[in-house]
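Respectively, the protein sequence lines represent chains H and A.
Take the first sequence: its letter number 184 is residue 184 in our numbering, and every next letter is one higher.
Take the second sequence: its letter number 349 is residue 349 in our numbering, and every next letter is one higher.
No wet-lab data here; the hints were simulated from the structure.
Glycine is no exception: its CB is placed at the ideal position from the N, C-alpha and C atoms.
A couple of the hints might just be wrong.
Derived pair list, reagent style DSBU-like, types lysine-lysine, alpha-carbon separation capped at 35 Å [stated by the list, open to error]: (1) H/K20 to A/K447; (2) H/K142 to H/K131; (3) H/K290 to H/K267; (4) H/K214 to H/K145; (5) A/K96 to H/K142; (6) A/K96 to H/K131; (7) H/K131 to H/K145; (8) H/K20 to H/K267; (9) H/K131 to H/K214; (10) H/K145 to A/K96; (11) H/K214 to A/K447.
Calculated Cβ distances over 10 Å to all of chain H for the following chain A residues [stated by the list, open to error]: (12) Y152; (13) C186; (14) L190.
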Amino acid sequence: MNESRPSIIEVRDLWMSFGKNDALAGISFDIPRGVIHGFIGPNGAGKTTTIRILAALQIPTAGGAWIDGANVVTEPEEVRRRLGYMPDYVGVYEGLSVMEYLEFFAMAHQLPASRRRSAISDVVELTDLGKLLEVEVHVLSKGMKQRLCLAQTLLHEPDLLILDEPASGLDPRARIEFRSLLTELRRLGKTVFLSSHILSELSPICDSVSIVEKGHLVAHGSMEQIRNRIRSGDVQYEVTLVEANEDVEAILSQIPGVSRILLEGRKLSFDWSEDDSEIHQVWAALASRKVAFTRVRRHEDDLENLFMSLTTGEVQ
Amino acid sequence: MIGSNLLGGSSYAIIQKELIVRIRRIRSLIIQLVFAAVVGSVMWIYSISELTGSRASPEVHAAQLVGIYFIVQMCAICLVIPLLAAISITTELQAKTWDPLIGSGMRPGQIVKGKLYGILGILFYLLLLPAPLLSLTTLFGGVSVLSILFEYLIHFLAATLIACIGILSSASTRSTVRAILQVALCAVPLLIIAITFLSSEVYSQGILLLDYLETSPIDWQFWAWAIPGYLFLVVGSLMGATHFLSGVESARDVPIRALSLIIFLVVVGLILITVGPDLQPGHYNSMIRDGGRVMSVFVGLSVLGLARFAGSEARVPLRIAQIRQRGHWTSWLGIVFFPGGIRNFLFAAVLWGICFGATVGCWLMEYSTTGTIVPQYDSSLYLESSTIFFQMQGVLFTWGISVLATAWFFGQCGFNGIISAVLANGIQVGLAMLVATARELSLWSEKVEWLSPPVYLIYRSAEGAGAEMASEVVLVSLALSTLMITGGVLIARRRGIPVWSIRRSGMDKLYLKIPEGN
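Isolated chain H (complex conformation) (with noise of 0.2 Å):
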């Protein structure tokens, strides 16, 4: 591991072209080590070819990509070595035990003997499939599949994780039980880089995201950073009085930044445009006036509008 580096994924002018179709048109970005980054993008935006690319199965047409900083482009066995590769589709051999399939990657991966069987109860231990080991993979469920998956990606112990819609086709159970395994994964110090377009199961858990649309860069960040480029500049708040109060429409609009005030029964409503670290002066208004709430609710753009403000829902 190169700790040195900041980001353990760095990507510059990466184009990927079919002919005359541009699946990538020139994207950069940077991942920093330890987070859980999403990258969405609706159906054909270009997030399987440019994961691919990351783990070193398709050569780009222009630009580089390096993790950790091998190019993956001129150093392909250094960077296999550096992540583990979970591909959207879940490819089973018929007739092996979930052991013998460990086994069988251990060996792959050419970890040594010695190593092989601490290093598979490590992982069998993380993705819980202790019970499960003589059990022979056709017949694991989809979401038992996806952690065994998971689990021989991490066989090598590498420091990234690349992950392909690991959540798609799983029950709602099946998803929480990844995405707690994921968090996990961060704890323990893993970068997971995952895509994914079911925008509700990344949200919780992701630090940071990429939005891409037609081969574009359209969004990357933190969540917060995201928010904070889309916001129209101002926030809405939702406060709930403890009884109804006439004058509250009369307080607060004497403040600056407070516009569009709505009282409905106990429920008020208004828009903050100003810095939110001001937004103590309403409620030092409210309390100067005897004006008793129980509950604030700040309104959080999630990640499906943020999504539906930044992409057009063009299809290449």
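Model the placement of chain A on the given structure of chain H, informed by the hints.
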């Protein structure tokens, strides 16, 4: 552990996986039982009928029983092995397990090797499964163990060949159905020929293969061609499969070129051993006559294939550039075989030159012995015919170089190897037709023949060996070669492709330039 060390960890993993996946299934057990039952039934029925009705000696019965055993085995081999080989690569691609395999760091060559060993492991198991049935031969006095082991060896070699061809089909077609059809087209004729030969020539005589070879020895020339031919098919198929599975940016051309060089050396050597210099008294100029003619036909045809190398993709494959950039010692050792740039032309020209070098060498050997062995021979006549021979060789050599240079030119223009070779050879075919037509219609002067040296040589040969060769034919070929190489270099420079150096533009920064117009 020992196996792992011998075979390499990744290949060993594939073998282990293949054996578990193939043998553990219920249907595999059923196939084994049916196979053993069929072999057992046939042998049992034959034993009963022979014990009750035949008057042949017990030794003949025993040998025929073993023969039946191996014929049934061969049928099984030709059914099972093509199937296993044809699905070997396609199942990985269709089950989408290929990407995780490559992602784990395995190389296509390791996977191909592992697949072959896995198939051979299953074959070994299948061949030995009904072996206890051979104890039936003890009813007739038994058969030599050595003869049985030899039969097994031949079966194993045949199965290995079919397996290699099957893996090649699987890798090249990437479709199970097409791969099965292709392998069947190879295996079924082989099966028919083998069964016909074994049943009519060997087993019907009451002997086994080893006895047959002892009683009817085969000429050494047969083995001299058969053994390299077998090795070529086996190794070539495996290398071909690896070639298809590796990307165009891999180093896949290097082993192909190394194998081609070996094949050329072996084939030229075999031709010369078979029809080459005859140093016996009274056989003084075979190189000018038969041997030289065989060699001329070989070199004339080989240029068609060599144009494929000369016209290969002009850019240095990325993997080759990576190897060279690291300065590894193999990058110096293998520099002759590295594809890209002018090396494509030089490699083809070297192979082309090997044939002529061998021919000239043999003539010199003959010439050095003829004077002393046949003193009464008119050496001036010999020298005259030798001069004509060398003129012909010179015309042929320079023509071949011009074809390779033309193919190289098309490679620099951006065509792939096959298209470049087709274009270069197509031009030659066109010129030959033009010259032949012009001559038949007496439309142009004789100088038109210089445009197609092979046609020119054919006409001169028809006119008699003593006909003087026009040096202009050689000059036309050399001029064409120079023109094509110069043009190729200019086009390569315009396209930004290095002609000599082994590198890719922009490797130190970005991989390639951003496409124009974006």
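Here's how the hints hold up against the structure:
1. H/K20 to A/K447: 48 Å, violated
2. H/K142 to H/K131: 16 Å, holds
3. H/K290 to H/K267: 17 Å, holds
4. H/K214 to H/K145: 31 Å, holds
5. A/K96 to H/K142: Distance of about 15 Å is within 35 Å: holds.
6. A/K96 to H/K131: 26 Å, holds
7. H/K131 to H/K145: 14 Å, holds
8. H/K20 to H/K267: Violated, at roughly 56 Å.
9. H/K131 to H/K214: It is violated: about 44 Å lies between the C-alpha atoms, which goes past 35 Å.
10. H/K145 to A/K96: 14 Å, holds
11. H/K214 to A/K447: 62 Å, violated
12. Y152: A/Y152 clear of chain H: closest Cβ-Cβ about 28 Å, beyond 10 Å.
13. C186: A/C186 clear of chain H: closest Cβ-Cβ about 28 Å, beyond 10 Å.
14. L190: 30 Å, holds
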